[in-house]
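Student: Chain by chain, the residues run as shown.
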Amino acid sequence: MSKSNTQSPILEIDNLSISFFTRLGEIPAVMNFSCVLEQGKALGLVGESGCGKSTVALGIMQDLGVNGSIVGGSIKFKGRELNNMPQNELAKLRGSEIAMIYQEPMASLNPAMKISKQLMEVPMIHANASELEAWDLALEVVKDVGLPDPERILNSYPHQLSGGQQQRIVIAMALMAEPALLILDEPTTALDVTVEAGIVDLVKGLGEKYGTSMLFISHNLGLILDTCNDICVMYSGEAVETGSIHDVFDRMRHPYTQALFRSIPLPGADKNQRPLIAIPGNFPLPHERPQGCNFGPRCNYFESGECDEKNIEMQEMGDNRHHASRCIKMNTIDWQADVVTTTDYKPLLPGAIVVEIEDLKKYYEISANELLSGKEKSVVKANEALSCYARESETLAIVGESGCGKSTLAKVLMGLETATSGKVSVNGQSVGEKAIGDRSRETVSSIQMVFQNPFDTLNPSMSVGRQIIRALEVFGVGKTEPEHHNRMLELLDLVKLPREFAIRKPRQLSGGQKQRVGIARAFAGDAQIVIADEPVSALDVSVQAAVTDLLMELQRKNGTTMLFISHDLSIVRYIADRVLVMYLGHVVETGSTDQVFAPPYHPYTEALLSAVPIADTSVERNNIILKGDIPSAVNPPSGCPFQTRCQHKHLVDGNLCEQELPDMIDVANGHQLRCHLSSEHLAAMKPVIKLAGNPKVVGDNHDLSKVIAADKPVNPAP
Amino acid sequence: MPVWIAMVLTFAVSYFFRDRLGLYGRLFDTFTGSIGFALVVFWLFTAIFADQIITFDPIDQLAGMRKKIPGTLVPDTLTAYLFGGDLLGRDIFSRMVMGSRTVLSIAPAATIFAFMTGITLGLPAGFYGKKLDTILSFIANLVLAFPVILLFYLLVTPAVRSTGIPVIVAAVLFLFPIIFFVVLFQSRYYVQPRKRNVYVGLTLILGFWAYSGLAFNQDPLQLLGLKPVFYMDSNLLNIFVSVVFVNSPTVFRIVRGLTMDIKTRDYVAAAQTRGEGAWFIMLWEILPNARGPLIVDFCLRIGYTTILLGTLGFFGLGVSPESPDWGMTINEGRKLLAYFPHMAIPPALALLSLVLGLNLLGDGLREQSLKD
Chain A
19 MSKSNTQSPI
29 LEIDNLSISF
39 FTRLGEIPAV
49 MNFSCVLEQG
59 KALGLVGESG
69 CGKSTVALGI
79 MQDLGVNGSI
89 VGGSIKFKGR
99 ELNNMPQNEL
109 AKLRGSEIAM
119 IYQEPMASLN
129 PAMKISKQLM
139 EVPMIHANAS
149 ELEAWDLALE
159 VVKDVGLPDP
169 ERILNSYPHQ
179 LSGGQQQRIV
189 IAMALMAEPA
199 LLILDEPTTA
209 LDVTVEAGIV
219 DLVKGLGEKY
229 GTSMLFISHN
239 LGLILDTCND
249 ICVMYSGEAV
259 ETGSIHDVFD
269 RMRHPYTQAL
279 FRSIPLPGAD
289 KNQRPLIAIP
299 GNFPLPHERP
309 QGCNFGPRCN
319 YFESGECDEK
329 NIEMQEMGDN
339 RHHASRCIKM
349 NTIDWQADVV
359 TTTDYKPLLP
369 GAIVVEIEDL
379 KKYYEISANE
389 LLSGKEKSVV
399 KANEALSCYA
409 RESETLAIVG
419 ESGCGKSTLA
429 KVLMGLETAT
439 SGKVSVNGQS
449 VGEKAIGDRS
459 RETVSSIQMV
469 FQNPFDTLNP
479 SMSVGRQIIR
489 ALEVFGVGKT
499 EPEHHNRMLE
509 LLDLVKLPRE
519 FAIRKPRQLS
529 GGQKQRVGIA
539 RAFAGDAQIV
549 IADEPVSALD
559 VSVQAAVTDL
569 LMELQRKNGT
579 TMLFISHDLS
589 IVRYIADRVL
599 VMYLGHVVET
609 GSTDQVFAPP
619 YHPYTEALLS
629 AVPIADTSVE
639 RNNIILKGDI
649 PSAVNPPSGC
659 PFQTRCQHKH
669 LVDGNLCEQE
679 LPDMIDVANG
689 HQLRCHLSSE
699 HLAAMKPVIK
709 LAGNPKVVGD
719 NHDLSKVIAA
729 DKPVNPAP
Chain B
17 MPVWIAMVLT
27 FAVSYFFRDR
37 LGLYGRLFDT
47 FTGSIGFALV
57 VFWLFTAIFA
67 DQIITFDPID
77 QLAGMRKKIP
87 GTLVPDTLTA
97 YLFGGDLLGR
107 DIFSRMVMGS
117 RTVLSIAPAA
127 TIFAFMTGIT
137 LGLPAGFYGK
147 KLDTILSFIA
157 NLVLAFPVIL
167 LFYLLVTPAV
177 RSTGIPVIVA
187 AVLFLFPIIF
197 FVVLFQSRYY
207 VQPRKRNVYV
217 GLTLILGFWA
227 YSGLAFNQDP
237 LQLLGLKPVF
247 YMDSNLLNIF
257 VSVVFVNSPT
267 VFRIVRGLTM
277 DIKTRDYVAA
287 AQTRGEGAWF
297 IMLWEILPNA
307 RGPLIVDFCL
317 RIGYTTILLG
327 TLGFFGLGVS
337 PESPDWGMTI
347 NEGRKLLAYF
357 PHMAIPPALA
367 LLSLVLGLNL
377 LGDGLREQSL
387 KD
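Taken in sequence, the protein lines are chains A and B. Numbers given in the working numbering equal positions in the first sequence, counted from 1, plus 18. Numbers given in the working numbering equal positions in the second sequence, counted from 1, plus 16.
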């Protein structure tokens with residue numbers, strides 16, 4: 019590209035420090051941060067929430083708000099210092115040379131302006147282009163980001179597009195000016211996995227096509243592996259390890275990086291033999307950072323007198339100047355040592371069936387206007403002929419993307435909604451037609467729920483203890499106030515929270531701690547069935563492991579049946595005994611975890627599996643990218659619900675997929691799927707995930723038919 | 017003098033402990049908030065210590081002091097009419113000080129009643145939605161569409177008054193606080209019957225005692241021949257009822273909106289999955305979390321009510337013809353504004369500064385409550 023200078027790196031950050039000034043004084047958000055981003059490369063910035071990764075991005079854009087300011091170091095963009103650049107030059111730079119893409123696509127688009135106008139603005143402002151030129155350019159870019167029917171898209175308003183399409187438009191807008199540097203701040207976090215896979219594929223292609231350099235900010239190591247060349251791991255405002263993807267993923271030299279990898283469920287982790295290792299303790303608040311190494315208090319290799327003496331500098335590896343780590347004991351730790359696990363739990367044996375669902379249907383009637391609706395009522399078919407069962411002390415995972423009806427299923431089970439038709443029984447009692455008010459106290463307290471968003475699950479104006487006690491009162495556990503109080507303290511012990519937390523308000527707790535309180539509350543009435551609706555998806559990676567662990571421990575102790583609702587297949591593979599895959603209100607596949615994660619797959623399961631990024635360099639995935647978005651449940655496609663996006667549809671003769679809803683077919687004992695594919699085709703399916711290093715594996719191959727089967731799937735054999 | 021001392025004390029104590037006082041403490045971080053708070057506190061203490069502050073009886077007419085300019089000495093004494101004398105020779109300063117009492121005893125109380133009504137109706141409207149919401153919102157819109165001043169005139173017209181409409185309206189409006197508290201305690205303590213009985217019983221006894229006194233002027237003590245505790249003369253009742261009546265639909269709409277927002281939160285769903293009743297969810301899960309915007313609106317609404325009271329007084333609909341109502345004083349002074357501006361200006365400034373203070377306080381609270 020003509021704009022860029024190929025000699026020097028695009029972005030050079032040297033010893034950058036950023037602080038925020040509040041009434042509590044100066045809060046350093048980023049300290050001595052350095053990184054280099056070369057022309058056409060992608061750098062991944064990884065870390066947990068609050069580690070300062072977004073602050074770095076805003077620092078580059080020189081947009082820190084009123085409270086923030088850069089207190090030291092330099093940011094050089096193409097050799098020009100940004101820190102003392104006058105405002106009008108910065109304004110020229112932003113949007114034309116540096117573009118940023120945010121997490122929430124709807125927040126980046128003006129809802130009152132047509133897409134075309136928003137896109138055309140960019141060249142008209144920055145390059146003085148004429149309206150016609152701008153239109154042509156917009157059309158081209160929209161095509162480039164893989165949107166179908168670009169003219170229609172250009173003429174629509176943001177709200178008429180789906181989340182995935184919106185994010186593509188935001189990327190298109192960023193590309194309009196052909197920036198030299200693209201900053202992506204968690205660009206796919208708000209999207210579904212199959213949509214995310216499409217965006218990631220797009221972003222990867224951009225670097226090659228436009229020669230754009232990218233700074234990719236994410237908490238998801240798998241995504242970074244898929245998209246970036248280099249990685250920088252941040253912890254508590256500091257970069258703790260930088261290097262190329264392969265150096266950091268395979269030869270990590272910082273305890274935090276190591277701990278991070280051990281706490282995410284990679285293929286091979288097993289809840290009984292090789293459980294995840296959570297990072298102990300909590301993320302230090304910016305004004306409570308410890309002396310010396312910030313990670314010290316949570317580190318396994320911590321040595322007092324050494325790690326907490328003085329500030330630790332980045333050190334380069336002896337043999338690799340590109341790979342650096344902020345660990346004083348970098349050369350003394352045995353990095354190859356395997357994790358010693360003392361735990362070896364016996365797998366729980368499932369007992370009698372406690373939840374049974376047969377032909378459950380849940381329809382919602384919606385009308386646009388309460389008064390003027392008339393006869394036109396549309397029906398949302400949230401659950402369609404759903405059958406499943408769950409046994410005692412078993413974990414049944416319900417998997418699917420947003421809108422697939424998994425939350426509706428939970429609501430019907432809880433009694434927040436009543437079934438339109440079908441049978442739902444809990445412990446032999448039929449509950450499907452009973453709203454929660456009509457259920458007996460025992461039934462209510464035996465089915466409880468853990469919610470997704472930890473920041474929303476507790477009433478912010480009631481103390482933690484009070485909320486647990488309230489649940490005890492309602493469930494009729496204990497009679498007197500001291501009894502309630504004691505039981506509440508026991509529950510806090512059970513979820514491993516200090517007893518002092520009883521008098522705290524929810525806002526004084528971290529996300530993981532709130533989620534623990536939510537779990538304690540769910541177990542207050544000795545729940546037999548716990549519905550966990552994405553209980554860890556909003557938590558940081560290191561906390562996820564701990565909360566998952568807690569759920570499993572409680573399950574072991576109480577023999578609880580757990581319905582684990584999730585879209586995250588990595589965690590499902592780790593925690594679930596059986597899996598139920600849902601799409602548009604239908605169950606498309608069900609079976610034990612091993613069966614579902616190995617071929618034959620339902621085409622949707624196959625796509626889901628391939629879409630989930632895995633943070634392991636030795637794993638190879640087939641890249642199946644689904645076209646389009648999930649159809650609306652108001653107007654579901656005819657025949658098979660998945661036929662509009664199916665990658666194997668051409669293998670079925672005629673229009674069968676469009677005409678008939680396939681039946682559930684048994685492919686193995688307990689393994690059922692709903693597909694028209696013939697048994698030969700199903701049998702010919704290849705595993706989606708395989709370990710590399712296998713001589714037969716062809717490299718990164720986009721064409722499914724050419725992929726040669728690996729010897730064995732990665733799924734852990736029980 | 018006592019006002020200044022009390023103000024300095026309040027500020028010193030509040031400022032010293034501001035870190036522990038939550039939203040109230042953080043008020044002192046903003047300039048507007050502190051100014052507003054100072055103005056409001058100033059008038060509050062003026063009303064409390066009015067008896068000590070006034071230099072003359074606000075109703076006493078001194079013939080020699082008619083239309084005298086500010087600072088004129090009263091014959092035979094060494095004190096002056098600080099802000100001059102009015103048409104009937106009354107001390108404007110003392111009238112203004114006493115006027116703050118009228119305003120500050122009616123405005124906050126009326127606003128509280130309006131809030132109780134608005135909350136008790138707004139919560140179920142927002143929570144249940146559908147038909148109930150449609151009906152209640154329609155009624156609220158109806159009330160809002162009615163010209164306020166006309167409504168007041170109607171309420172004080174003898175013909176309307178003799179039909180007993182104001183009393184009926186009062187009877188309905190004053191019922192809401194009782195309902196509110198009964199439901200509040202019932203929903204929370206039904207699991208502990210003994211505690212529930214105590215709270216609900218106390219509410220009912222106190223509530224109906226005050227209710228009969230305020231709405232029907234029939235304090236039970238009066239029937240026993242004792243001095244009534246709760247009493248409101250019909251003029252005051254009229255004003256009170258109209259102010260509550262006019263303000264509650266707006267509160268209703270705010271509460272309804274907030275409820276619709278908060279009911280989608282997970283903690284509301286969590287309460288439902290425990291099998292909590294609808295009123296517990298509304299009053300203990302939703303209402304406490306809607307308090308931020310409500311507190312802000314409360315401050316602004318007192319200001320609005322103050323203006324309303326001033327307007328009423330200005331039109332001669334004041335509490336009583338003799339009372340030193342600000343609005344009424346302004347109206348009296350208005351006639352001679354060109355010649356004797358000192359008559360109308362002090363009460364006008366008093367009204368202005370109090371409302372300004374309340375608005376600034378509301379703004380400061382809003383700014384601070386948005387910060388977390």
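Be a bit skeptical, because a hint or two may be false.
What the hints assert, rightly or not - Below, computed lysine-lysine pairings styled on DSS-like, alpha-carbon distance capped at 27 Å:
| no. | chain 1 | residue 1 | chain 2 | residue 2 |
| --- | --- | --- | --- | --- |
| 1 | A | Lys222 | A | Lys497 |
| 2 | B | Lys211 | A | Lys452 |
| 3 | A | Lys364 | A | Lys222 |
| 4 | B | Lys211 | A | Lys497 |
| 5 | B | Lys211 | A | Lys523 |
Derived by calculation from the structure, the hints in this document are not laboratory data.
Student: Sort out whether lysine 497 (chain A) lies within 27 Å of lysine 222 (chain A), counting only the CA atoms.
Tutor: 61 Å, violated
Student: Is it true that the CA of lysine 211 (chain B) sits at most 27 Å from the CA of lysine 523 (chain A)?
Tutor: Since the Cα atoms of lysine 211 (chain B) and lysine 523 (chain A) sit roughly 25 Å apart, the hinted pair holds (cutoff 27 Å).
Student: Between lysine 364 (chain A) and lysine 222 (chain A), is the straight-line Cα distance small enough, at 27 Å or below?
Tutor: 43 Å, violated
Student: Verify the proposed pairing of lysine 211 (chain B) with lysine 452 (chain A), using a straight-line Cα cut of 27 Å.
Tutor: 31 Å, violated
Student: Are the Cα positions of lysine 211 (chain B) and lysine 497 (chain A) separated by 27 Å at most?
Tutor: 13 Å, holds
Consistency with the previously given hints fails for numbers 1, 2 and 3, ordered from lowest to highest.
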